[in-house]
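Visitor: Sequence:
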Amino acid sequence: MSILESANPEQAIIGMLLSIILFCVIAGALGIVQIVVAILHLVNYWKDNFENNDSKVTHALYQFFFGLGIIGLIIVLVKQ
Numbered sequence: 001m002s003i004l005e006s007a008n009p010e011q012a013i014i015g016m017l018l019s020i021i022l023f024c025v026i027a028g029a030l031g032i033v034q035i036v037v038a039i040l041h042l043v044n045y046w047k048d049n050f051e052n053n054d055s056k057v058t059h060a061l062y063q064f065f066f067g068l069g070i071i072g073l074i075i076v077l078v079k080q
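Residues in the sequence shown are numbered from 1 upward in steps of one, following the working numbering.
Some clues are possibly wrong.
Have a look at the derived ranges for each label pair, beta carbon to beta carbon [to be verified]:
(1) P9 - I39: 41 to 49 Å
(2) S19 - I75: 29 to 37 Å
(3) D48 - N8: 58 to 66 Å
(4) H59 - G28: 43 to 51 Å
(5) E51 - G15: 48 to 56 Å
(6) N52 - I75: 31 to 39 Å
What the hints contain is simulated information worked out from the structure, not anything from laboratory work. Note that this is a predicted model, so its numbers are computed, not measured. Beta carbons: idealized from backbone N, C-alpha and C, even for Gly.
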């Protein structure tokens, strides 16, 4: 008898659900942190009128949209 045959199906489903929930919590927290940090950077660069910060502004925008993408991915996965 293999490990898969001896596994309790209910425990396997509970394990899968817990891992999905854990993934959503960790990825959601990462997405929120990315968005918050990007906004803080953009506000800081805005105070300096974006002078000599072209690459930093680009990075902050990339970071913001990366965070939005993570949140969007979680929403799509959860809605299925």
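Visitor: Hint numbers the structure violates, sorted upward?
Guide: 2, 4
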